[in-house]
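> As given, the protein sequences belong to chains A, B and C, one line each in that order. So in the UniProt record's numbering, spot 362 of the first sequence is number 362, and the numbers just go up one at a time. So in the UniProt record's numbering, spot 249 of the second sequence is number 249, and the numbers just go up one at a time. So in the UniProt record's numbering, spot 82 of the third sequence is number 82, and the numbers just go up one at a time.
Careful, some of the hints might be misleading.
Estimated spans, in silico, between C-beta atoms of each pair [unchecked claim]:
1) A:Arg-29 x B:Asp-63: 32 to 42 Å
2) C:Ser-2 x A:Asp-24: 30 to 40 Å
3) B:Asp-63 x C:Glu-126: 34 to 44 Å
4) C:Glu-95 x B:Gln-18: 52 to 62 Å
5) C:Ser-119 x A:Ala-435: 46 to 56 Å
6) A:Asn-144 x C:Ser-2: 51 to 61 Å
7) A:Gly-413 x B:Val-41: 53 to 63 Å
8) B:Ser-38 x C:Gly-71: 55 to 65 Å
Bear in mind the hints are in silico, worked out from the structure with no lab data behind them. Beta carbons: idealized from backbone N, C-alpha and C, even for Gly.
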Amino acid sequence: MALDDSKREFRFVGTRPDRPDGLDKVTGRARFGADMNAAGMLHGAILRSPHAHARIVRIDTSKAEALADVKAVVTRADFAEVPFKPGLAGEVWNVLENVMAGDKALYDGHAVAAVAATSALAARDALKLIEVEYEELPYVTDVNAAMRQDAPVIREGAADFSVPDDMHPNVVRRHESGHGDVEAGFAEADLVIEDSFETEATHQGYIEPHACLGQLGKDGKGELWCCTQGHWIVQKTCAALLGIETANLRVTASEIGGGFGGKTTVFIEPVALALSRKANRPVKIVMSRAEVFRATGPTASASMDIKVGMKKDGTITAAQGEFRLQGGAFPGAPGDMTAMCAFAPYDLKNVHQVGYDVMTNRPKQAAYRAPGSPMAAFAVESVVDELCRKLDLDPIEVRLKNAAREGTKASYGPRFERIGLVETLEAAKAHPHYAAPLKPGQGRGISCGFWFNHGGETSVSLALSEDGSVQLMVGTPDIGGSRASMALMAAEVLGIPYENIRVTIADTASLGYNDVSHGSRVTYASGLATIKAAKDAVRKLSQRAAAKWGIPEDAVKWEDGCAVPSGPNAGDFDPLPLAEITAEMGQTGGPISGHFEATPEGAGVSFATHIVDAEVDRETGATKVVRYTVIQDAGKAIHPTYVEGQFQGGAAQGIGWALNEEYIYGEDGRLQNAGFLDYRIPVASDLPMIDTVIVEVPNPGHPFGVRGVGETSICPPLAAIANAVSAAAGVRMRHLPMSPPRTLAALKARDA
Amino acid sequence: MEYHSPASFDEASALAAQAQGVTRFLAGGTDVLVQLRSDLVTPDTLIDVKRIAGARDITRNADGSWTLGVAVSGAEMREHAELGRDWPGLVEAMDLIGSTQVQGRATLAGNLCNASPAADSVPAMVAAGVRVTITGPDGTRQAAAEEIPTAPGKTSLGKGELVSALHVPARGDRGGDAYLRFIPRTEMDIAVVGAAVNLRLDGETVTEAWVSLGAVAPTVLLVEDAAAAIIGTTLDDAALAALDSAARAACSPIDDKRGTVDFRTEVAGVLARRAARFAYARAKGDAK
Amino acid sequence: MSRVHVTTTVNGDETEFLCDPRETLLDCLRDRLNLTGAKEGCGTGDCGACSVTLDGRLVCSCLVLGVEAEGREIGTIEGVAQGDELHPLQRKFIEHAALQCGICTPGILVAAKALLEKSPDPTEEEVRYWLAGNLCRCTGYDKIIRAVMDTAAEMREAV
Numbered sequence: 001m002a003l004d005d006s007k008r009e010f011r012f013v014g015t016r017p018d019r020p021d022g023l024d025k026v027t028g029r030a031r032f033g034a035d036m037n038a039a040g041m042l043h044g045a046i047l048r049s050p051h052a053h054a055r056i057v058r059i060d061t062s063k064a065e066a067l068a069d070v071k072a073v074v075t076r077a078d079f080a081e082v083p084f085k086p087g088l089a090g091e092v093w094n095v096l097e098n099v100m101a102g103d104k105a106l107y108d109g110h111a112v113a114a115v116a117a118t119s120a121l122a123a124r125d126a127l128k129l130i131e132v133e134y135e136e137l138p139y140v141t142d143v144n145a146a147m148r149q150d151a152p153v154i155r156e157g158a159a160d161f162s163v164p165d166d167m168h169p170n171v172v173r174r175h176e177s178g179h180g181d182v183e184a185g186f187a188e189a190d191l192v193i194e195d196s197f198e199t200e201a202t203h204q205g206y207i208e209p210h211a212c213l214g215q216l217g218k219d220g221k222g223e224l225w226c227c228t229q230g231h232w233i234v235q236k237t238c239a240a241l242l243g244i245e246t247a248n249l250r251v252t253a254s255e256i257g258g259g260f261g262g263k264t265t266v267f268i269e270p271v272a273l274a275l276s277r278k279a280n281r282p283v284k285i286v287m288s289r290a291e292v293f294r295a296t297g298p299t300a301s302a303s304m305d306i307k308v309g310m311k312k313d314g315t316i317t318a319a320q321g322e323f324r325l326q327g328g329a330f331p332g333a334p335g336d337m338t339a340m341c342a343f344a345p346y347d348l349k350n351v352h353q354v355g356y357d358v359m360t361n362r363p364k365q366a367a368y369r370a371p372g373s374p375m376a377a378f379a380v381e382s383v384v385d386e387l388c389r390k391l392d393l394d395p396i397e398v399r400l401k402n403a404a405r406e407g408t409k410a411s412y413g414p415r416f417e418r419i420g421l422v423e424t425l426e427a428a429k430a431h432p433h434y435a436a437p438l439k440p441g442q443g444r445g446i447s448c449g450f451w452f453n454h455g456g457e458t459s460v461s462l463a464l465s466e467d468g469s470v471q472l473m474v475g476t477p478d479i480g481g482s483r484a485s486m487a488l489m490a491a492e493v494l495g496i497p498y499e500n501i502r503v504t505i506a507d508t509a510s511l512g513y514n515d516v517s518h519g520s521r522v523t524y525a526s527g528l529a530t531i532k533a534a535k536d537a538v539r540k541l542s543q544r545a546a547a548k549w550g551i552p553e554d555a556v557k558w559e560d561g562c563a564v565p566s567g568p569n570a571g572d573f574d575p576l577p578l579a580e581i582t583a584e585m586g587q588t589g590g591p592i593s594g595h596f597e598a599t600p601e602g603a604g605v606s607f608a609t610h611i612v613d614a615e616v617d618r619e620t621g622a623t624k625v626v627r628y629t630v631i632q633d634a635g636k637a638i639h640p641t642y643v644e645g646q647f648q649g650g651a652a653q654g655i656g657w658a659l660n661e662e663y664i665y666g667e668d669g670r671l672q673n674a675g676f677l678d679y680r681i682p683v684a685s686d687l688p689m690i691d692t693v694i695v696e697v698p699n700p701g702h703p704f705g706v707r708g709v710g711e712t713s714i715c716p717p718l719a720a721i722a723n724a725v726s727a728a729a730g731v732r733m734r735h736l737p738m739s740p741p742r743t744l745a746a747l748k749a750r751d752a
Numbered sequence: 001m002e003y004h005s006p007a008s009f010d011e012a013s014a015l016a017a018q019a020q021g022v023t024r025f026l027a028g029g030t031d032v033l034v035q036l037r038s039d040l041v042t043p044d045t046l047i048d049v050k051r052i053a054g055a056r057d058i059t060r061n062a063d064g065s066w067t068l069g070v071a072v073s074g075a076e077m078r079e080h081a082e083l084g085r086d087w088p089g090l091v092e093a094m095d096l097i098g099s100t101q102v103q104g105r106a107t108l109a110g111n112l113c114n115a116s117p118a119a120d121s122v123p124a125m126v127a128a129g130v131r132v133t134i135t136g137p138d139g140t141r142q143a144a145a146e147e148i149p150t151a152p153g154k155t156s157l158g159k160g161e162l163v164s165a166l167h168v169p170a171r172g173d174r175g176g177d178a179y180l181r182f183i184p185r186t187e188m189d190i191a192v193v194g195a196a197v198n199l200r201l202d203g204e205t206v207t208e209a210w211v212s213l214g215a216v217a218p219t220v221l222l223v224e225d226a227a228a229a230i231i232g233t234t235l236d237d238a239a240l241a242a243l244d245s246a247a248r249a250a251c252s253p254i255d256d257k258r259g260t261v262d263f264r265t266e267v268a269g270v271l272a273r274r275a276a277r278f279a280y281a282r283a284k285g286d287a288k
Numbered sequence: 001m002s003r004v005h006v007t008t009t010v011n012g013d014e015t016e017f018l019c020d021p022r023e024t025l026l027d028c029l030r031d032r033l034n035l036t037g038a039k040e041g042c043g044t045g046d047c048g049a050c051s052v053t054l055d056g057r058l059v060c061s062c063l064v065l066g067v068e069a070e071g072r073e074i075g076t077i078e079g080v081a082q083g084d085e086l087h088p089l090q091r092k093f094i095e096h097a098a099l100q101c102g103i104c105t106p107g108i109l110v111a112a113k114a115l116l117e118k119s120p121d122p123t124e125e126e127v128r129y130w131l132a133g134n135l136c137r138c139t140g141y142d143k144i145i146r147a148v149m150d151t152a153a154e155m156r157e158a159v
């Protein structure tokens with residue numbers, strides 16, 4: 001999108017006011033998913049498969065239904081018929097199959113039936129009375145095993161057109177891209193390193209379990225309250241799964257207790273609505289933490305082969321990679337995005353990448369913060385680090401030498417517009433952290449990371465009140481302080497104080513369609529729409545001033561919250577403040593509102609460089625992160641404190657993934673660690689302070705220069721930490737997480 | 001589930017003796033409630049011992065030994081300066097269990113009777129020579145801490161029996177104890193390996209020692225060979241190496257989500273060495 | 001199943017409720033007393049989102065039964081501010097942006113308040129270990145730790 005109205009000088013943008021939802025959140029009165037109740041409400045609970053893969057022979061719900069406390073029981077038969085299609089073309093079917101199993105249970109934790117009862121305990125008790133006869137089937141949970149010819153077939157016909165016929169039916173999508181001639185490139189290299197890497201599946205780990213309260217009548221009209229990253233997708237999907245019209249379901253997004261990509265689809269919402277329709281009463285469902293781990297989307301696990309050639313001066317001559325990702329028992333693992341992100345930070349003459357989406361008997365993967373990119377960066381940046389080590393080259397200099405810049409043909413195809421990778425590398429080189437001495441037993445790692453960022457369908461409405469205050473309605477749930485950023489951008493355009501703008505996350509009945517809060521798109525796309533909607537309001541305000549003054553509309557301009565004559569020839573009038581125009585709006589033409597709806601396309605890719613120091617206990621394999629610095633291009637930081645927060649949060653999640661977080665499956669194909677005790681996310685005492693440097697290279701696709709910041713921050717940490725641990729331990733770490741048993745085993749293997 | 005809050009251990013014992021189905025005693029509740037919430041164990045009868053007189057007392061006896069009530073929380077032990085001076089390893093072992101919040105509730109007695117091989121306080125209790133009083137239908141009896149757990153989740157307590165007090169020996173001169181555990185994070189994990197050492201010196205020489213290991217066998221181990229490796233030594237490198245190999249030799253761990261056989265065995269030796277050095281420094285008065 | 005009558009004090013107010021003996025204190029606060037500030041993040045004492053005080057002692061309310069509250073004094077996030085006067089921790093959390101999604105915030109505030117009452121001048125390490133049982137997935141803890149340290153400093157000056 002070409003923008004002729006870019007702005008680089010700001011009055012409100014770039015300041016750090018208190019967040020509008022702060023008071024509610026520090027006093028406990030903010031209402032999250034599980035905090036809503038309704039008169040006559042029932043409590044739902046879901047029965048889940050204890051098997052990794054099993055045919056459902058029979059479900060007998062009669063004993064549960066006979067209980068006085070039980071008001072409804074549902075199985076797959078209570079949902080709509082949805083057509084099956086291969087690959088992601090069949091995503092509605094995939095979601096339905098995941099929400100409630102059909103013929104087969106496809107993973108440990110797969111929903112098979114649900115009840116609604118008068119209390120949460122009664123509902124849980126009733127589940128124990130549902131009898132399910134299973135015929136157990138062979139299962140597979142590992143990506144490489146799932147691709148072998150002898151692997152159990154999870155579902156025939158799920159592969160789309162991209163997959164060659166001779167591959168196993170579990171391989172459902174294939175991506176290939178690149179340019180140049182990699183073989184010629186490798187021949188030019190002084191050193192070629194080829195290596196293989198693995199990352200385990202991790203969970204988004206939001207602290208708030210999925211929760212919803214739904215009501216649906218026989219007339220097909222319903223209401224739903226839920227914690228979600230996008231309530232329009234919930235509306236659309238639930239309507240399809242229940243066979244009702246989209247507009248008849250009104251969905252309201254609660255405050256959301258973290259999502260990170262994991263709350264971009266539905267799990268319990270259609271179930272609550274189906275139960276409600278049957279019982280004719282509102283039904284609330286709140287997942288337990290074990291259910292969150294077993295049945296909501298973790299990220300994909302990955303197995304990757306990388307080959308990179310380099311000259312003695314650090315020039316990369318060629319790079320190639322194969323990325324195999326499993327995303328559970330459904331298509332969707334981001335093999336494509338992993339491949340596309342892998343070499344994006346580099347300006348390469350010869351590059352080639354292939355990605356596979358593979359099904360296994362695990363829960364349906366969901367997006368997790370820059371899906372695919374962190375794993376790809378781990379594999380590629382480890383090899384680049386090893387090349388630097390072997391050729392005795394500085395890792396930042398090598399990255400600078402090969403860095404993608406404006407005009408570079410990206411590894412995945414297009415030419416980059418203005419990007420800020422070089423600026424992050426220069427800032428890293430100049431940062432005191434990079435020059436600080438290391439203590440014995442410590443190692444330092446760096447890595448770059450890349451994410452596309454996203455625009456997406458967006459609607460914003462802005463309504464002015466008589467007293468000059470402003471209601472701003474956006475449709476992207478606030479997952480990190482975006483209401484503050486929206487208010488700042490509106491304040492900037494309108495020229496009125498931040499405090500005079502109230503931002504609401506509108507429900508689906510109050511605003512046009514909005515994509516999910518994902519792809520780091522909120523500050524970019526809802527922000528762009530907010531600016532445009534505010535400009536629409538300014539145009540209407542200016543019209544009223546022009547009419548009042550009796551001068552042409554184009555003789556009025558907007559300055560510091562007032563309509564003013566555009567020049568001496570326009571007339572001599574005192575500035576007319578916004579509140580004076582709105583005070584009279586009922587008599588001068590009616591309410592004044594601003595609107596904007598579009599699918600902005602100029603999201604602007606972003607890059608980061610991270611520096612980390614790690615200390616390894618060589619007797620136990622324990623790793624401690626002792627210093628961490630995030631340097632990332634934000635384009636323009638609207639609220640710098642929240643930008644820092646995104647940088648720090650991404651780094652912390654990356655530290656967890658790199659060191660201890662993983663889905664552990666037993667020989668029985670069941671998840672062994674479905675709780676925060678053994679799924680080990682970082683605790684406060686695990687981490688150091690996380691320093692941040694905000695680089696601002698404006699995105700030409702946003703009026704204020706914004707680039708998304710939420711996801712890029714998790715792209716470098718896996719690789720940066722692996723490089724630091726490898727340096728500290730003196731052995732290359734190729735399998736994440738680098739849990740103490742894995743690190744100690746690597747140390748032993750090196751010494752053996 | 002029936003909930004009872006008896007006023008005496010005899011009453012608690014009688015309730016348990018008469019109860020049908022699954023009976024659990026509730027002290028801190030940090031295991032019982034987790035099992036309840038996870039639908040692992042839903043007791044038919046739950047007997048809360050916290051309101052029994054003396055259950056929350058920490059008492060120093062005339063001979064210097066200590067009597068601890070069964071509902072004394074980890075936080076209460078931590079806040080008791082004198083107990084911490086005498087038995088820092090025992091207090092720290094308890095203190096390592098769970099979060100600050102869990103410390104507000106969790107108890108030594110509960111940790112012992114939950115009979116997890118990875119229980120942090122149990123190696124420290126075993127090394128310290130802690131004994132317990134058991135109240136049952138036939139009156140009271142005493143037993144050593146290591147006699148209570150018999151297998152993961154199983155105890156030697158009979159129907160109607162419950163632990164009603166814990167007894168920690170007098171510290172005595174030139175003694176020191178320490179407990180170290182390995183966890184992947186810095187907090188909030190279950191021990192992958194735990195090692196407790198309690199020893200006494202004459203001059204610089206170790207005259208008495210007890211070495212106990214957790215999470216490397218179906219129950220917490222008291223490893224006599226490991227103690228023998230350091231008795232009579234000044235904990236020099238040779239003694240530490242012998243301790244390391246004796247500790248490793250005693251291990252018969254499992255592979256699971258928390259660690260491998262190799263890892264647990266290797267780290268048991270490392271922690272035994274580190275804990276011995278720590279206990280030695282404490283016995284000499286060089287460390288707190 | 002017969003319910004048990006419980007009389008207890010919550011944030012200074014005597015209150016009573018009926019509950020199933022299997023219900024946790026967290027269930028009772030949220031479902032019986034409509035105090036939804038404490039959150040269930042795990043139900044197993046691993047996340048701290050349900051932190052409350054029980055007779056002044058910091059606990060996870062998911063690891064306490066509702067029936068155990070009989071005759072006790074409970075403190076929840078709803079009782080941390082005095083009228084319209086926020087506790088300094090609450091002010092500092094807003095000022096430092098020590099929250100993103102805010103689901104862990106009530107538990108962290110209750111826990112941090114208990115820390116500062118016991119230890120008015122904590123080190124960074126002490127704050128980190130005290131709060132190790134309060135999981136936050138958004139912030140990386142940096143701004144939380146800074147907010148607690150800054151509050152402690154302000155409260156010391158005010159004394």
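> Look at each hint and say if it fits the structure.
How the hints compare with the structure:
no., hint, in the structure
1, A:Arg-29 x B:Asp-63: 32 to 42 Å, "56 Å, violated"
2, C:Ser-2 x A:Asp-24: 30 to 40 Å, "38 Å, holds"
3, B:Asp-63 x C:Glu-126: 34 to 44 Å, "36 Å, holds"
4, C:Glu-95 x B:Gln-18: 52 to 62 Å, "59 Å, holds"
5, C:Ser-119 x A:Ala-435: 46 to 56 Å, "36 Å, violated"
6, A:Asn-144 x C:Ser-2: 51 to 61 Å, "56 Å, holds"
7, A:Gly-413 x B:Val-41: 53 to 63 Å, "57 Å, holds"
8, B:Ser-38 x C:Gly-71: 55 to 65 Å, "29 Å, violated"
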